[in-house]
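Student: The lines below spell out each chain.
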Amino acid sequence: YILAWMGLEINTMAIIPLMAQQHHPRATEAATKYFLTQATAAAMILFASTTNAWITGDWNIPQTSHPAATSLLTLALALKIGLAPMHFWLPEVLQGLNLTTGLILSTWQKLAPFILIYQIAPNTNPTILTSMGILSTLIGGWGGLNQTQLRKILAYSSIAHLGWMITILHFMPALTLLNLTIYIIMTSTMFLSLKSLSATKINSLAITWPKTPILTVMTMLSLLSLGGLPPLTGFMPKWLILQELTKQNLPILATIMAMSALLSLFFYLR
Amino acid sequence: MTSVHFSFSSAFTLGLMGLAFHRTHLLSALLCLEGMMLSLFIALSLWALQLQTIMFSAAPMLLLAFSACEASAGLALLVATARTHGTDHLQNLNLLQC
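Protein sequences, first through last, are from chains A and B. Take the first sequence: its position 37, counting from 1, is numbered 37 in the numbering used here, and each next residue is one higher. Take the second sequence: its position 57, counting from 1, is numbered 57 in the numbering used here, and each next residue is one higher.
One chain only, chain A, in its complex shape (with noise of 0.2 angstroms):
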């Protein structure tokens, strides 16, 4: 757990420097809210295990066993990536940033918590699992609709990924990594395709199509992909999930996972 710890600090002391190299008031205030944030769940994960260490007398990561332990670190893990109800840094450090540093802080910045969450997923309390990821798809969903700087919209898609991803966990791991691949390759497309276009307002897209037409029609892939249409790579993953969630006589959960995948869906379609 110390290493596991260590490596997280690093992690975000490494990415704070990246963050904060503009010298523009924005990158600043996003950097110093993204440490502070960080720096707290990096306590409370420290905290979660010293505790359970405390009580069962152990100190491997795939053995915490206590049920407070356990929950804190949940917890402590989602305000790491961003996951609900603790996204609200999520959208502001994301717009504050360049599309660069924005790409690392959405995909490599999920992968080390991830790591550690998939490490714990059998003894993780289940109604907290799936209770988070309803409440992240819907709000990743509900909080994108009505912005128009790119990077938000990024950010609250981020978070709505990220609440499929941990509904899934409790019932089939695997399909939590498989999900966690594929959104990172179709973030870093969408990042990359935007950071090429420089473009940060939905206004500025619109001027792309004289610009370079083939790049445009790949980014409208991509954006649909992210939403998950049929024929785009996106739709596996929430196949494989519902498909699992009604095998698991759960259909009320996977009818509102499904409908609050709409709600991003309409505001990508924008």
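Simulated restraints, written as ranges between beta carbons of each label pair:
{"#": "1", "chain 1": "A", "residue 1": "K195", "chain 2": "B", "residue 2": "L51", "range": "45 to 55 angstroms"}
{"#": "2", "chain 1": "B", "residue 1": "V79", "chain 2": "A", "residue 2": "P122", "range": "42 to 52 angstroms"}
{"#": "3", "chain 1": "A", "residue 1": "S188", "chain 2": "B", "residue 2": "T2", "range": "43 to 53 angstroms"}
{"#": "4", "chain 1": "A", "residue 1": "W142", "chain 2": "B", "residue 2": "L62", "range": "37 to 47 angstroms"}
{"#": "5", "chain 1": "A", "residue 1": "L111", "chain 2": "B", "residue 2": "T2", "range": "29 to 39 angstroms"}
{"#": "6", "chain 1": "B", "residue 1": "R83", "chain 2": "A", "residue 2": "P126", "range": "46 to 56 angstroms"}
{"#": "7", "chain 1": "B", "residue 1": "L14", "chain 2": "A", "residue 2": "S71", "range": "11 to 21 angstroms"}
Examples of chain A residues lying across from chain B (beta carbon under 10 angstroms, computed):
{"#": "8", "residue": "I10"}
{"#": "9", "residue": "F35"}
{"#": "10", "residue": "A39"}
{"#": "11", "residue": "A43"}
{"#": "12", "residue": "F47"}
{"#": "13", "residue": "T51"}
{"#": "14", "residue": "A53"}
Stretches of chain B that chain A covers, calculated by requiring three or more beta carbons in the stretch to come under 8 angstroms of a beta carbon on chain A:
{"#": "15", "stretch": "11-20"}
{"#": "16", "stretch": "23-37"}
{"#": "17", "stretch": "43-50"}
{"#": "18", "stretch": "59-65"}
{"#": "19", "stretch": "70-80"}
Rather than coming from a laboratory, the hints here were simulated on the basis of the structure. None of these values were measured; they are calculated from a predicted model. C-beta atoms are modelled at their ideal positions from N, C-alpha and C, and glycine is treated no differently.
Please build the complex by placing chain B on the supplied structure of chain A, with the hints as guidance.
Tutor: Leaving out everything else, chain B in the frame of chain A:
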């Protein structure tokens, strides 16, 4: 739950509440973060002492080193914020609102 466990848990929780509910100055948030790290340091040291092994004795020192790095990063960000925003006050950190 033994009394030692309760004491550092309450210390950590107090620091966490202070960090979550800080109102005017960014510096108080950093101080609460340091308080949390300190309570974790005490917890780890006492746990290593209770187990009577020498295997985990390096862990508190590592934690101390990393929390010092974290604090310095926080202070550097505080300085940067003061340079761009003018003051320390949290009301000034509102450039990124929707």
